[in-house]
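Each chain, written out:
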Amino acid sequence: MALIAVAFLLLTVVMPMHWLTDFAVFCILVLSFDLLYGYMGRLSFGHVLYYGVGMYAASLALVHLAPNPFLAIGAGIFASAVLSSALGFIVVRTEGATFALVNLALNQIGFWLAMSGLQAYTRGEDGLSSSVRAIGFLDFYKVPVAFGFMLVCLLLVFGLLRMLTRSPFGILIRSIKENEERVKFLGYDTLRYKWLTFVIAATLAGFAGTLHALVKGFVAPGDMGPLENARVIFAVLIGGAGNLYGALVGGVVFETMINLLATNIPRWEMFLGIMLLVLVFWFRRGITGYIADLARKFSRSRGKPAERLP
Amino acid sequence: MFDTILYGLTIGAILYLFSIGLSITFGTMHIINFAHGMIYAIGVYLFISLLPLLWGSFPLSLVAAVAVMLPLAYLVERFVIRRLYGDGIDYAIIATYAILLIGTDLIKLVWGSGPKPVSDPIGIPIQIFGTTVQTYRVVVFLCAVAVFVALRVFFSRHVIGKIVVAALKDRDGVRSLGLDVNKYFSIVFVIGSGLAVMGGVLYAPITVAEPYMGFHVLLLAFAVVIVGGMGNLTGTFFSALGLGQVIALTGRFYPAGADTMVFVVMTLVLLKDPIAELLRRLVGKHGIGNFS
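Chains as they are written, first to last, in our numbering: chain A, 1 to 310; chain B, 311 to 602.
Just so you know, these hints were derived from the structure itself, not from any lab.
Do not take every clue at face value.
[Said to hold, decoys possible] Cross-link-like lysine-lysine pairs, in silico, DSBU-like; alpha carbons within 35 Å at most:
1. B:K472 x B:K493
2. A:K216 x A:K142
3. B:K493 x B:K418
4. A:K216 x B:K418
5. B:K582 x B:K479
6. B:K426 x B:K582
7. B:K479 x B:K493
8. A:K177 x B:K426
9. A:K177 x B:K479
10. B:K582 x A:K184
11. B:K418 x A:K177
12. B:K479 x A:K184
13. A:K177 x A:K297
Let the sequences and hints guide you as you build the complete structure.
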């Protein structure tokens, strides 16, 4: 945990601080997706829907209720939790490609609602701007304060997920990934655990969405478009799925790459495509997996017994 | 009203031509093939470039564009999709998505990122049931029906078609007869890609060509394949025409919701079993009785 904070603070030396603020928000989203995909093995193509729900709920609360950041966060978490609990009941009963595509369809519907269906509330394509009142020293318009707040949020989410994935519950959802039938034979109602994991992941994504609304002060339907899911999936894979540190490394590396590529290389989509192919064919375990392999090889070559990975 | 229905049939025809390939890869390899959108988009742009070279002849340029795209489709199948067979859907989705990204950027590099219009090759309107309609749209629909009939004959009469139909049902069963299933899958994959190019080219005069056209049609085609049943070729035809009507009719009364209505239908179809199960449980729990 302290390591993550130090790493982020060190990165401020080489990168502008408002980049890192965005990275921290994105990392929370990637972490929430890693719980669903990396740990439970359910690939969703519509995870960004809940990010968007949190984002809009927070923004609407800021505009219509009060410009209080904590109220906005509460509203966003509540909205994404309620929606995911309802949809989760139905969605987790599907598997594989169906699960991926039904989430995609729901995301498309949500995107459309934000774009034109509920235009009266969301202002459609023009987007919704909001302002936040400062509470004491917590002033989101000051970049270092916003950065510090996002970093604390990231650490909180990371801590929560680490606790969760190391608990018996975490072992159970990893077992569901490996072989759901056998978990059922052991007498567990897997549907209940899948639902709970789905809701936790979606709510954390909604939390990331509220932070997005707070730090940008502006939300638009484009931020929850169905194709945004690709960014999250790639970030998880680059870092290494099923590993919380992997999600963090992937989130930071991917966002840095996009920021640098989009400004410096005109053909960044092609570059990204080629890199993804390399990733899928030769580099499947991601950066953290690769480092773990390297560390194991290194310790073995020095005659020590290979350490077991957590 | 009649022109709305005809528009729906035209859209349905295009969706059908595009979705065949997707449905086959879904059914045979259990792979969601995003690269299909790349073949479709590049095929259309190639057609636009070939048109002035081939004396402005629409059918000739269509055939030429399909002919050029077939080897490219084979390469995608041989070196990406076949290598990922059996690895689960996630890696295949990512690899084919990467190919779609590369293809989109290639289009921007070669042809620029602005939209390119294609003029209607027939242009003369005709009268049907007292309504004036574009002849071209009728021709597009008839093309799709012709392809449907041809594929029915191919899959029920020709030996390659029969092998593929058998392998859709039981891949291992066909393999144990000593047949190289992969070879036949390659053939139908390439056929499906050719039909996608054809669909794209036929659609171009109705809309415009733009680099992200592959993404857009893919989302709709997923809905077609899901509603029609993965790997069910007859189902794909009827679901494409049905969803074409959904698009056209919603578009007539509420234009902004036209595409989204397709996803509402898809969600309902996907969730019909889980919802039924949920209802059964709820009803059962409250002691009203078990219907199953």
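How the hints compare with the structure:
1. B:K472 x B:K493: Holds, because 14 Å separates the two Cα atoms, which is no more than 35 Å.
2. A:K216 x A:K142: Satisfied, since the Cα-Cα distance of roughly 12 Å is no more than 35 Å.
3. B:K493 x B:K418: Distance ~34 Å between K493 (chain B) and K418 (chain B) Cα, so the pair holds.
4. A:K216 x B:K418: Answer holds: K216 (chain A) to K418 (chain B) is near 30 Å, not above 35 Å.
5. B:K582 x B:K479: 23 Å, holds
6. B:K426 x B:K582: 41 Å, violated
7. B:K479 x B:K493: 17 Å, holds
8. A:K177 x B:K426: Violated: K177 (chain A) and K426 (chain B) sit about 46 Å apart, past 35 Å.
9. A:K177 x B:K479: 26 Å, holds
10. B:K582 x A:K184: Distance of about 24 Å is within 35 Å: holds.
11. B:K418 x A:K177: 40 Å, violated
12. B:K479 x A:K184: Within the cut-off at roughly 28 Å; holds.
13. A:K177 x A:K297: The given pair, whose Cα atoms are some 28 Å apart, holds under the 35 Å limit.
Consistency note: the structure conflicts with the earlier hints numbered 6, 8, 11.
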